[in-house]
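Asks: Here are the chains, one letter per residue:
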Amino acid sequence: MNISLAQSESRLGWKLMAPSVAVIVLLIIYPIVYNIYLSFFDVKLTGAKVFIGITNYERLITDTAFYSSLLTTAIYLAGTVMGTTVVGLLVALLMNLQFPLRNAVRTLILLPYFAPVIAVVFGWQFIFDPVNGIYNHMVVDVLQLTAKRHNLIGQPKTALFVVIIFDIWKHFPISYLLILAKLQSINKERYEAAAIDGCGPIARFFYITLPELYFVLGTVVILRLIWNLNKFEDVFLLAPNVQTLPVFTYYTAFTGIIDQGLAASISVIQFLFLSFLIFFYVKKVLKW
Amino acid sequence: MSQKRTFFQNVLLAVAVAAVLLFSLFPFIQILSTSLKHQFDWGNPSLIPAKLNLEAYRELLGLDHKDRAQVPQTIKKLLDNPLLTADQKEKIISTYQSTSDVFPFPRYFLNTFLLSASAASVSLFLAVFGAYALSRLRFYGQRIIQRSILFVYMVGGVLLMVPLYQISVKIGLARSIWGSLVSLLLIYIIQTLPVSLYMLGNYYRTIPYSLEEAAAMDGCSKSGAIFKIIFPLSVPMLITVFVYCFIIAWNEFLFASVFLRQFHDFYTLPLGLQSLFVSKNAIWDRIMSASVLTMIPVLFCFMFAIRNLTSGLAEGGVKE
Amino acid sequence: MKNNIIAIITTALLIFGPGIKAVFSTTIEFWTTETQSDRMKTIRLLMDTFQALNSDITVNLVPLDENNLPSQMAAASAAGYLPALIEASSELMLAFGEEGILNIDGTTKMVMQIGKNRFFQGALKMLETPESGRYYGLPYHGWIQGIWYRTDWFKKAGLDPPTTWETILKAARAFYKPKKNRYGILIGTKAETYAEQCFTHFALSNAASEFDVDGELTFNSPKMRETLEFYAKLANYNPPGPQTWRARDYYLQGKLAMFFYSTYIMDDLALAEVAAGSLTDENFPQLGTGTFDPELVNNTRVAATITHAQAAGYGAIVALGLVDQGDKAKNDAAQRLVAFLYEPISYITFLHMAPGGMNPMLRDIARMPEYLNDPKGIFKRFGREKIEEIISGLDSIGSFTIVRGKTFPEAGKIYAKQIIPRMIYAVTITGMAPEEALAWAEIQMKKVIGK
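Residue numbers (the numbering used here), protein chains in the order written: chain Z, 1 to 288; chain D, 1 to 320; chain X, 1 to 451.
This is chain Z alone, in the form it adopts within the complex (with noise of 0.2 Å):
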């Protein structure tokens, strides 16, 4: 009787399953086994393709635009992922004090997470502008900061800092979400006892709250790392001259010399840092 109901209940679970499962496999995995397939093979346009062993592995690794992408990636992670997570703390501390208004505010702020990225980018490009920008009218003609007036978005270098900027305005609210709703939760009485042992606000920030966000504080990371490592448009829309490594694959995918089987090559090595990244979450972060 009891195995029956196991068995019955197994059987509408698949039932149930079934559907999402075969268009994950179909669509997501078969995919994913496909671009390792071929990152084996010259791939035309035209899906033509010449087995070449790992010739196209070989041509990364001696490709010097492959290492500055690289580089750029890890840059743009670094500064993102700090970035996003420190503001998004230090936003969730301050939406957690009382003031008027708080709940507009903590929605308002919202508004960059949700907002389309094609239709923000123009207005950030505007901003930068050499010439017009408010940017540099503030800093070159107000500030006085610099004496000259410089082309943020155009200079690669510092378009990679323009794009940090650009991603920590974007994702911190997801960050300060998370924060914000663990900071909610810890224990009021903990700092009312902190307090009365002579705690002062700083240390019963670091004895207090910041071991108990530890745990979030971590899931922030890893995931916007996850997120960051996989992220286009952000980057491509905003400074096309900026080569993470998912815009370097759309590159050599799509324009210029096209070359998808190097493309799909670039593919699996991110993939491979994923699925890194991914082992990480599961086993550090959900402790499965």
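Listed below are the simulated DSS-like cross-link pairs for lysine-lysine, each with C-alpha atoms no more than 25 Å apart in a straight line:
#1 X:Lys41 x D:Lys76
#2 D:Lys51 x X:Lys255
#3 Z:Lys148 x X:Lys180
#4 X:Lys446 x Z:Lys44
#5 D:Lys91 x X:Lys41
#6 D:Lys77 x D:Lys91
#7 X:Lys447 x Z:Lys44
#8 Z:Lys15 x D:Lys222
#9 D:Lys228 x Z:Lys15
#10 Z:Lys148 x X:Lys170
#11 X:Lys170 x X:Lys223
#12 X:Lys446 x X:Lys417
#13 X:Lys255 x X:Lys155
#14 X:Lys376 x D:Lys76
#15 D:Lys89 x X:Lys41
#16 Z:Lys157 x X:Lys179
#17 Z:Lys148 x X:Lys255
#18 Z:Lys157 x X:Lys233
#19 X:Lys447 x Z:Lys49
#20 X:Lys376 x D:Lys89
#21 Z:Lys148 x X:Lys177
#22 Z:Lys148 x X:Lys179
#23 D:Lys76 x X:Lys380
#24 X:Lys380 x D:Lys77
#25 Z:Lys182 x D:Lys4
#26 D:Lys4 x Z:Lys188
#27 X:Lys417 x Z:Lys49
#28 Z:Lys44 x X:Lys417
#29 Z:Lys44 x D:Lys170
#30 X:Lys41 x D:Lys77
#31 X:Lys233 x Z:Lys148
#32 D:Lys77 x X:Lys376
#33 D:Lys170 x Z:Lys49
Derived by calculation from the structure, the hints in this document are not laboratory data.
Since chain Z is already given, all that's left is putting chains D and X on it; use the hints.
Replies: Frame of chain Z, contents of chains D and X only:
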């Protein structure tokens, strides 16, 4: 907290809050401001337009009737052809005079809406059942499926760019507009299905088992319980997940640009916006007002679903 | 609610409706590089008229940015979805011809049908295949490039017009006042076609070329290096960072002394003047003295020839290219469309999209009163002589694709891969040494032409 803040602390707090708000909202203010400025005012750093210019909005929404009457002499001559019927002439002229094809906002809006809504509906439909099985049933292979879903949830679309394109070329989907649209729809479904499964699964777990047990006592089957108990209870969450998927599809650019590049009439808003940028010499007011118009539906959804959305997002990892 | 659904379905039908018509007629695609919306409007009108006259043909009009055209063609070719007709610069047409996707027989037939002798011969030459008398494309319109400059500023500063390397550099240096947010010159430094267009003008004036008469690649030459070094020096007086033609807005705002542009600006400046009608000091109190100058049009002149080792003009021929569809019905439909586009009245309608910017490639059209009477009155203001001078200049413009009357389609392939723009970007923006950049470019060029 019980402590009262000093005046200085209050000022500090106000400054901090204002700074955060400014950081978050300034780009929006800049976009709105430039969308209302006249071309000769762009070089002016002030955010307040010297003279309000609604031309751009009027043109994009097709409300501009200013140069209706002006049809150049040569064009009149061109149409003065005995082989053309009066009907045809009228139609040609009216197409010429309508400004809507510059950036056919209503059309792009509809394209994006249909695509996003279909993708969100399909993935929500699949997820309603899948997430139920994952979170409330025990079945053989459940753990591996659960982990695979988390895994694919984190594998971004960029990694699938080359293989998906190659597959659709191979089976001939990329050749026609319908094939491309189907490819795109499928891609949007897979971009949103894992997150739907994840968010809904998390939500289902919060529904007490006792409700289902009570229903079972009344002779309700497991599958019946989905429709009688779980489904009605999770309507707000279903809406939230739908909105979230909708926004993901609405904002998507990469795959749309790969698959729809040649099919202008089927552009989604993000693609249309990018092509608008090269459609005129002096473009800033138009591109900014198009940005505003593209943002509005998302902001509308956002207000509609804000409450559940924020808690939903805070609970699980978030897909982007 | 029900009404909404019906509305959605109806709209969907309206959008998807054209697909139904397609079943009964030949559908061809026409790709144009005229992406600007007001031009699109006129081209659409021409297509609508053509379709009304030829009910068995449907034309899908697709505007594409010239910089994206080569990769889009590659992708379309891969997907088996090539357009039947393209409108693009002669360089790109040569590149596509080299790829073997053009219908050269059909094109040559059309040239004969329209009348080979009616074409300006210089322009036709630029599209000739290595086998003489056969053509990759049909010259449709052309523009000339020049340095447009502020005569009032030059006069005040006592400077000579920018016609030689020395006078250009001197003026650029004199007007470069970054503290006042004013810049000396605008030349292309972003890795886009515009950079190559500006650079080629200087290279031609220094008698530097890509190929010699025997077809040997001689890009990395002392003369080319001298040109690149000069170009890099000039780029110091550009607005900050990588720039392209879009920065032309700065000129209209009075922040730029000189800029490279085609004769298209005649149209653009005229527009500015029209707009100026409503832009008085009363409407714009803070702008009246600052950024907008209603006298701008009168104070603007063009120097179309640059002289150094030799005097050189530069411009571009934009051609119509028939792409082989492998389907007789489609090839025929495209040829009928070409014939329609060369009929005087449709031709003039097309050219009037940008008077001065789009100049005719048929001698008789250039003299027609209908042509000289453009709707914006631009020819009247610039005068008939000026227009004739421009058009005759078109017959003698230089290009890397032609060396002493011989056409080198390989140069078109190099153009399509944007090697020169990337080289210019490397030198002016990332600070690569000119000799190193030239060596790099020559290696890339060899790869592209397969030598």
